[in-house]
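J.: Sequence:
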Amino acid sequence: MPLIRPSREDDIPAVAAIYAHHVLHGSGTFETEPPSAADMASRRQDVLTRGLPWLVAEDATGQVIGFAYCNWFKPRPAYRFSAEDSVYLHPEAHRRGLGRALLAELAAQAERAGVRKLIAVIGDSANAGSIGLHRTLGFTPVGTIPACGWKFGRWLDIVLMEKTLGPGHTIPPQGA
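Everything in the sequence shown is counted per this note's numbering, starting at 129 for the first residue and increasing by one.
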């Protein structure tokens, strides 16, 4: 199994290339223009500044072949205990359990960071891989928003799934 570790600044070119592939060829993200490496570095810094995890997976040669992170579900402070996850793999790294390993570690680190609800906002209701990945790790569907994105000349749904972490909403969070 590849090594899953905290991201480093020097991982950004590989992360940007993986994400660019998904932007240009996939419906899992609704971005239509790949962000630059500088944009991805800024996004990473924003996540880390909030004390949230940004992970990478590297193969035996040290090449980054996937990444995962979470950030507040919405930017307002009341959302700081609910985070949206993102997982992206190199196109040749699919169907090897890497997404499952990344998302499982992301959930564990998010819980340690104080996140109580992890939310998946999955682009394209036909995205069986991402929906299955999240379901396998205990996420439950909470709804679909039909035809809310336009990409590749067609309307795309988003599927919302959630996973409660730790005590969830049964007790107030520390420092709230």
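In short, the hints are calculated from the structure, not lab data. Some clues are possibly wrong.
[To be verified] Subject to a maximum C-alpha distance of 30 Å in a straight line, what follows is the list of computed DSS-like cross-link-like pairs (lysine-lysine):
hint : residue 1 : residue 2
1    : K202      : K279
2    : K202      : K245
3    : K202      : K291
4    : K279      : K291
J.: Indicate, hint by hint, whether the structure satisfies it.
T.: Now for the hints, and whether the structure bears them out:
For the hint linking K202 to K279, the alpha-carbon distance of about 23 Å falls within 30 Å, and the restraint holds. A threshold of 30 Å between alpha carbons decides the hint, and for K202 with K245 the separation of about 12 Å falls inside it, so the pair holds. For the suggested pair K202 and K291, the alpha carbons sit about 16 Å apart, so the restraint of at most 30 Å is met. Taken as a hint, the K279 and K291 pair is honoured in the structure, with Cα atoms around 28 Å apart against an allowance of 30 Å.
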